[in-house]
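K.L.:
Here's the letter readout for the chains.
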Amino acid sequence: MTVTLSINGEDLSVDALEGTPLLWVLRDRLGLTGTKFGCGVAQCGACTVHVNGLPRRSCVTPIDALNGADVTTIEGVAGPEADAVRNAWTEIDVPQCGYCQSGQIMTAVSLLQMNDDPSDEDIDQAMAGNLCRCATYMRIRAAIKNAAKEI
Amino acid sequence: MRKAQFVAKSIFVLAILGMAAACSPQSNAPTEPPASRGDAELRPLSDFDAFTDNESRADALFDEIGRVIQHPRCVNCHPRTDRPLQGEEGALHQPMVVRGAGGMGQPGMFCTTCHGAENYRNVPGNPAWRLAPAEMAWEGKSLSEICLQIKDEERNGGLSLMELGEHMAEDELVAYGWNPPAHLDRAPGDQESFGALFHAWIDAGAHCPSG
Numbered sequence: 001m002t003v004t005l006s007i008n009g010e011d012l013s014v015d016a017l018e019g020t021p022l023l024w025v026l027r028d029r030l031g032l033t034g035t036k037f038g039c040g041v042a043q044c045g046a047c048t049v050h051v052n053g054l055p056r057r058s059c060v061t062p063i064d065a066l067n068g069a070d071v072t073t074i075e076g077v078a079g080p081e082a083d084a085v086r087n088a089w090t091e092i093d094v095p096q097c098g099y100c101q102s103g104q105i106m107t108a109v110s111l112l113q114m115n116d117d118p119s120d121e122d123i124d125q126a127m128a129g130n131l132c133r134c135a136t137y138m139r140i141r142a143a144i145k146n147a148a149k150e151i
Numbered sequence: 152m153r154k155a156q157f158v159a160k161s162i163f164v165l166a167i168l169g170m171a172a173a174c175s176p177q178s179n180a181p182t183e184p185p186a187s188r189g190d191a192e193l194r195p196l197s198d199f200d201a202f203t204d205n206e207s208r209a210d211a212l213f214d215e216i217g218r219v220i221q222h223p224r225c226v227n228c229h230p231r232t233d234r235p236l237q238g239e240e241g242a243l244h245q246p247m248v249v250r251g252a253g254g255m256g257q258p259g260m261f262c263t264t265c266h267g268a269e270n271y272r273n274v275p276g277n278p279a280w281r282l283a284p285a286e287m288a289w290e291g292k293s294l295s296e297i298c299l300q301i302k303d304e305e306r307n308g309g310l311s312l313m314e315l316g317e318h319m320a321e322d323e324l325v326a327y328g329w330n331p332p333a334h335l336d337r338a339p340g341d342q343e344s345f346g347a348l349f350h351a352w353i354d355a356g357a358h359c360p361s362g
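Residue numbers (the numbering used here), protein chains in the order written: chain A, 1 to 151; chain B, 152 to 362.
Here chain A stands alone, though its shape is the one from the complex:
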């Protein structure tokens, strides 16, 4: 089947078997490997992208549900919230191994797009589905707070 969608602002037609996860299209077809495969069952958040402006786990998103959709990945995320998050992440050196970080950043940007002054509870609830095996959670929370101040 052919699915027509926008990825990082570029209109594309993708031929894929029905039920192919968006994550596989991003990584294997389009070479957008910034989005990571973690668990494959929407339990870790490493594959988080934005679909029509909202966070979405790409490992459990069938490509056939995305006709006409606007997909943003870590390679294409932009705007004041993304800039602030990037600066805050760099400033306090959030990542350790880094594997989960693109998912963390996509969720953090989404949170800040909807809430520019999140409390600790807001951050914890937003980020609860993004696991970090290096346990950088405290730095992630601090960076989101710093990013909110910059916005």
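The hints are simulated quantities; they were obtained by calculation from the structure and are not laboratory data. No residue lacks a Cβ here, since even glycine has one placed at the ideal position from N, Cα and C. Some hints here could point you the wrong way.
Said to hold, decoys possible - Derived CB-CB ranges, DEER-like:
1. E305/B to Y137/A: 57 to 63 Å
2. D303/B to D11/A: 31 to 37 Å
3. G79/A to G291/B: 40 to 46 Å
Said to hold, decoys possible - Non-contacting residues of chain B with respect to chain A, defined by C-beta distances greater than 10 Å in every case (computed):
4. A201
5. D204
6. H222
7. E239
8. G291
9. N307
10. L335
11. D354
12. A355
Said to hold, decoys possible - Reference listing, derived: stretches of chain A covered by chain B, where coverage requires no fewer than 3 residues with Cβ under 8 Å from a Cβ of chain B:
13. 37–50
14. 98–112
Mind docking chain B on chain A? Use the hints.
P.N.:
Only chain B this time, still in chain A's reference frame:
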């Protein structure tokens, strides 16, 4: 210290491999229609013809209705806290997600972050996927308490009995109870027979069972 790090890394790698195996290309097909698990039928309306008084008939009908209402496919999204439940045992939903505005989750972690309009592999889906409002909590309540709650317009979204009947018989999210992913049990019967029982209960006076 190095040994501890090696063990931790090994466990992580094994876990990832295990999860990757569960997500092999062979499992890439869309979720098939539910299998035969939990396909128990609801009693037909004719089973309730023997009741000569409406109160007893309504009680018996609501007992049967309760097999659906108290089924995990329904109760899991009518929790007593702000966290949904999952599975046949009603475990707390993992990952953590909370009710939020309209029962849709919180910014950054909405229901739709994982749940789509249709089932996909093991992830349930429905176009209207959301938590029931807090005042409609069913978890931990007796069938009698749920019955009184359902009839109370302060706690049922302001629905009249007839509107409630239409909701049970026709609502698309209620329909999910009979269309979960294959690994989950379906609610007994089907939505049409459930709706018929509910309307028959209303016609019998909508009396709630005691106890």
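K.L.:
Hints first: check each against the structure and report whether it holds.
P.N.:
For each hint, the structure was consulted:
1. Against the hinted window of 57 to 63 Å, the Cβ-Cβ separation of E305/B and Y137/A comes to about 41 Å, which falls outside the hint.
2. For the pair D303/B and D11/A, the beta carbons lie near 52 Å from each other, so the given range of 31 to 37 Å is not met.
3. At roughly 44 Å, the beta-carbon separation of G79/A and G291/B lies within the given 40 to 46 Å, and the hint holds.
4. The claim that A201/B is not at the interface with chain A holds, since no C-beta of that chain comes within 10 Å of its own (minimum 49 Å).
5. Residue-level check passed: D204/B sits 51 Å from the nearest beta carbon of chain A, beyond 10 Å.
6. Every Cβ of chain A is farther than 10 Å from the Cβ of H222/B; the closest lies at roughly 24 Å, confirming the non-interface assignment.
7. Remark: the non-interface label on E239/B is consistent with the geometry, its nearest Cβ contact in chain A lying 18 Å away (cut-off 10 Å).
8. At roughly 23 Å, the least C-beta separation between G291/B and chain A is larger than 10 Å, which holds for a residue marked as non-interface.
9. No Cβ of chain A approaches the Cβ of N307/B within 10 Å, the least distance being about 28 Å, so the stated non-interface status holds.
10. Non-interface call for L335/B relative to chain A: holds, since the shortest CB-CB distance, roughly 14 Å, exceeds 10 Å.
11. For D354/B, the shortest C-beta to C-beta distance to chain A comes to about 41 Å, beyond the 10 Å cut-off, and the non-interface label holds.
12. Distance to chain A confirms A355/B as a non-interface residue, since its nearest Cβ pair spans about 43 Å, more than 10 Å.
13. Using a Cβ-Cβ cut-off of 8 Å, 9 residues of the stretch 37–50 of chain A lie near chain B, which meets the minimum of three, so the contact claim holds.
14. Figure legend: the stretch 98–112 of chain A, annotated as covered by chain B; annotation consistent (4 residues with Cβ-Cβ distances under 8 Å, at least 3 required).
In summary, the structure is inconsistent with hints 1 and 2 from the numbered list given earlier, while agreeing with the others.
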